[in-house]
Amino acid sequence: MNKVDLGKNCLISISVILLYFFWPTVLKAFWETFGGSSTVTLGMFIYNAVGYAVLVGILVAIYYKPLKENWIKFWKDKKKMVSILKYTAILFVGILICNSILKYIFDIGVIENEADLLGQFEKSPMWILLMVTIYYPIVEVIVFQKTIRQVIEKPWIFILVSSIFFGYFNIAFSKITLEALLGTLPYIFLNVVLAFSYYKSDNIMVPIGTKMLYNLIVTIISFL
Amino acid sequence: MNLSMFHSGALKMLNSKVESLTVQVGAIAGNANNATNLNYVIIGLVVVIIVLIVITLLGNKK
Numbered sequence: 001m002n003k004v005d006l007g008k009n010c011l012i013s014i015s016v017i018l019l020y021f022f023w024p025t026v027l028k029a030f031w032e033t034f035g036g037s038s039t040v041t042l043g044m045f046i047y048n049a050v051g052y053a054v055l056v057g058i059l060v061a062i063y064y065k066p067l068k069e070n071w072i073k074f075w076k077d078k079k080k081m082v083s084i085l086k087y088t089a090i091l092f093v094g095i096l097i098c099n100s101i102l103k104y105i106f107d108i109g110v111i112e113n114e115a116d117l118l119g120q121f122e123k124s125p126m127w128i129l130l131m132v133t134i135y136y137p138i139v140e141v142i143v144f145q146k147t148i149r150q151v152i153e154k155p156w157i158f159i160l161v162s163s164i165f166f167g168y169f170n171i172a173f174s175k176i177t178l179e180a181l182l183g184t185l186p187y188i189f190l191n192v193v194l195a196f197s198y199y200k201s202d203n204i205m206v207p208i209g210t211k212m213l214y215n216l217i218v219t220i221i222s223f224l
Numbered sequence: 001m002n003l004s005m006f007h008s009g010a011l012k013m014l015n016s017k018v019e020s021l022t023v024q025v026g027a028i029a030g031n032a033n034n035a036t037n038l039n040y041v042i043i044g045l046v047v048v049i050i051v052l053i054v055i056t057l058l059g060n061k062k
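The listed protein sequences correspond, in order, to chains A and B.
Taking the numbering used here, the leading residue of the first sequence gets 1, the next gets one more, and so forth.
Taking the numbering used here, the leading residue of the second sequence gets 1, the next gets one more, and so forth.
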């Protein structure tokens, strides 16, 4: 990749990252400007659903060409589909080990952000199901991997930067304590596996599919 | 630890890790939560942007 292309990719990546992080603030600002209620209503629910769908649409439009190419290649290559099962299995084993280490060695249960998440899950499980199986896999893989991959060509630097980026932003919205930092271990592991799958397959549908399947299984377990 | 305890513990731990949500729930709750924590987010974003720009300027061919 030449310097001009790299510079262009860098600008697009930075714009996508900023868009993702400030999108909830933009949605909230519009909602409040037009007199939306501060209590949770059906209107707010629909507004948020449309708002997040629009974000997905914008991200897909930005990377339309590579996403389309990857999509076509993915459905033509059965090996890539099977690899999703392999990476999902690795995620389950690895995250279980990470969580066991946190629980039994460091006595860390649920970090602050996860407590918020579980609260949301109990309130509206169907909404959460849709978000974790469709929205987050697409958006997060684009934001935390596609953007970084567009700029960093060296595979291990890409995996390292992407995973630290992802791990950090799992705790950045709550208090950053030693416990929270240790709590990022499963997330960093998760991103390492997804980023590795992306690098190996050279197809973004593999990490997206893996994340969708992993989240779906975990959510189904949560329903039981 | 017997098997059922292991399963219960394992499932509980898995339940607590519907991983992807954390970031975005953080972002959603972040609006209502506490403005002070936004500092960490902004610091993180600035660092990421600097890293990307530096890598772009230095070049990083395979």
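Calculated directly from the structure, the hints in this document are not laboratory data.
Note that CB positions come from ideal geometry on N, CA and C, so glycine has one too.
One or more of the hints may lead you astray.
[Said to hold, decoys possible] Just some of the chain A residues that point at chain B, by a computed CB distance under 7 Å: (1) Cys10; (2) Ile12; (3) Pro125; (4) Ile164; (5) Phe165; (6) Ala172.
Now for the hints, and whether the structure bears them out:
no.	hint	result
1	Cys10	holds (4 Å)
2	Ile12	violated (11 Å)
3	Pro125	violated (11 Å)
4	Ile164	violated (9 Å)
5	Phe165	holds (6 Å)
6	Ala172	holds (4 Å)
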